[in-house]
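Asker: Place chain B on chain A using the hints.
There are 2 protein chains.
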Amino acid sequence: MSKPLNVAILGATGAVGTELLALLAERNFPIAQLKLLASANSAGKQIDFGSQSIEVEEVQVNSFDGVDIVLASAGGSTSKQWAAAAVEAGAVMIDNSSAFRMHPQVPLVVPEVNPQAAANHQGIIANPNCTTILMNLAVWPLHQIKPVKRIVASTYQSASGAGARAMNELKQNAQQVLDGETPQPQILPYQLAFNLFLHNSELDEQGYCTEEMKMVNETRKIFSDPKIQITATCVRVPVLRAHSEAINLEFAEPFDTESARAAIAKAPGVKLVEDFAKNYFPMPIDASGQDDVLVGRIRQDISNPNALELWLSGDQIRKGAALNAVQIAELLIEQDLVRVNA
Amino acid sequence: MSKPLNVAILGATGAVGTELLALLAERNFPIAQLKLLASANSAGKQIDFGSQSIEVEEVQVNSFDGVDIVLASAGGSTSKQWAAAAVEAGAVMIDNSSAFRMHPQVPLVVPEVNPQAAANHQGIIANPNCTTILMNLAVWPLHQIKPVKRIVASTYQSASGAGARAMNELKQNAQQVLDGETPQPQILPYQLAFNLFLHNSELDEQGYCTEEMKMVNETRKIFSDPKIQITATCVRVPVLRAHSEAINLEFAEPFDTESARAAIAKAPGVKLVEDFAKNYFPMPIDASGQDDVLVGRIRQDISNPNALELWLSGDQIRKGAALNAVQIAELLIEQDLVRVNA
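So the sequence lines, in the order shown, correspond to chains A and B. For the first sequence, position 65 (counting from the first letter as 1) is numbered 65 according to this note's numbering, and the numbering increases by one without interruption. For the second sequence, position 328 (counting from the first letter as 1) is numbered 328 according to this note's numbering, and the numbering increases by one without interruption.
Chain A with its partners taken away, still in its complex shape (with noise of 0.2 Å):
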């Protein structure tokens, strides 16, 4: 890769953030400076790269003097108050959060979808949703093909997508069930623990959550397809960091599975993974810690002569976060899209 980049990532204490860390080590990512910025709660803490330690800095207005590229995954509100900042710094902001995703002048990138929208970049690009992007590389090579008309999703999520305390607060609520116990959630709104709930985000008037409606609008905008029509129920479950999602596909005529098998087979960034004599298909613990989105268990609709039914698996904090974000940061570098810092 070309010239060494200083590289900041805002948030770097979370479970996203922690993952960028091991990302960026393991993809060897040309970084000449690593900064790593949170708040003041945070701040002075070691965390160990590679061979180095580096302090966690509060971040402040000037954090961003130098930096070439900001990875941001500390929440939406966050990324609002420093994005001016970064952006008028010289840096590009790759943003996790939902803040900017919508924005009309800010790319949504998923990179084996639409990486040329990147290039209309004005200091900001969005790293999507995680469920969105799982769907999307799953529904994107069919989608090539011929075009998806309706897509009808049920998520069942991990508690990763909570973020690393909602983790924590599985595992020991899980084991209050065990010893007894009820328990008392503090950081998600039930009990998960051998429970699952409809995804907890805001409700609009129609009913849906903002979960929903982020895979709906979010993959019209990724898909640069406003007509496709999508419904989702977003359901968390208690799993801790895969998200795994059961989704039909209706398309404007019949699409036949072995092509559908064939298309993802050899699309980037998902696996196929069917084994129909062993009834073995993807499984949260075994998309855990991996690149690939896990996809199988494709079948023709017996409901419906022009619909699929498909399965997938993926790793909520690394392909639905992390990984998605860093590859965006290696596709601005191969498109020469980084406006580097003297």
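Mixed in with the good hints, there may be bad ones.
Since the list gives no way to pick one copy over another, a pair counts as held whenever it fits inside one copy or between any two copies.
No farther apart than 27 Å at their CA atoms in a straight line, the calculated lysine-lysine pairs in the DSSO-like style are these [stated by the list, open to error]:
hint : residue 1 : residue 2
1    : Lys271    : Lys149
2    : Lys146    : Lys3
3    : Lys149    : Lys227
4    : Lys171    : Lys278
5    : Lys171    : Lys80
6    : Lys3      : Lys80
7    : Lys266    : Lys149
8    : Lys278    : Lys227
9    : Lys171    : Lys146
Source of the hints: derived by calculation from the structure; they are not laboratory data.
Answerer: Below, chain B without anything else, positioned relative to chain A:
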């Protein structure tokens, strides 16, 4: 109720058998004599029923002499083995297994949906699949107003559907994961703790598993509607004893949500549970131990003007199995369909 009956429970020591006993007591079912039958392994165990302690007997060819109603929940092969003996002895067998469900001469009954079907019994009445019962209770009130054309269902099925030993294995494996160990499941095909997997029943040549095809075929039989189109994705999740389902319903024309809500609110066997302001909807821990199936988050599907989305949680052991069987027995008494032995 009428004259007390001689009742036998076949499979008295399993998860459903235990619940059958509790329900017979709770509902003051008119029992003259209660026989507890099981395999040789369980024979000799003492089980409490009200103030009595009843010894479990090994099921034998003469076990059904003088028995009026057999509640069978010991699996399909056991039901097949003993059905003829029970019927020849003059008993009515209410069978929880899948052995006879699709037999054209065996009624398949959900008392809130098709009580009239029981009248045609010839000694055996089948209790439907648990996932099917729960879905049917929620869909039937709507189907009576405007016929459902197509159902797309995704399930979130608890360990109890695989029996009491699977529930124990889920707890044991969860403890192992919390202790940093790697579980080695024996009852379930894969680790269920902090994981999930597609239902592992046998796959047909179309790639649908038996559980999914039960939802398709049994619903058609119960609704007496061979044309209703159904597709399902059945998933086992790390929950102990209630199943949940995300259900997309397509009609021939729009079905307004207020009418749907009103129909669910007044239908028997279901309870409307939705608080949009509090983001509170049916959850397995709330459905556990309840007779009613909790239904909520009824939404106009934004992807199809003729479709509705709904969500449910229902106790798999109770309404999904034991309660429905006891309700069938009560129906037989009410309709004078028990051929009471002298």
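Asker: Flag every earlier hint the structure violates by its number, smallest first.
Answerer: Violated hints: 2, 5, 6, 8 and 9; rest satisfied.
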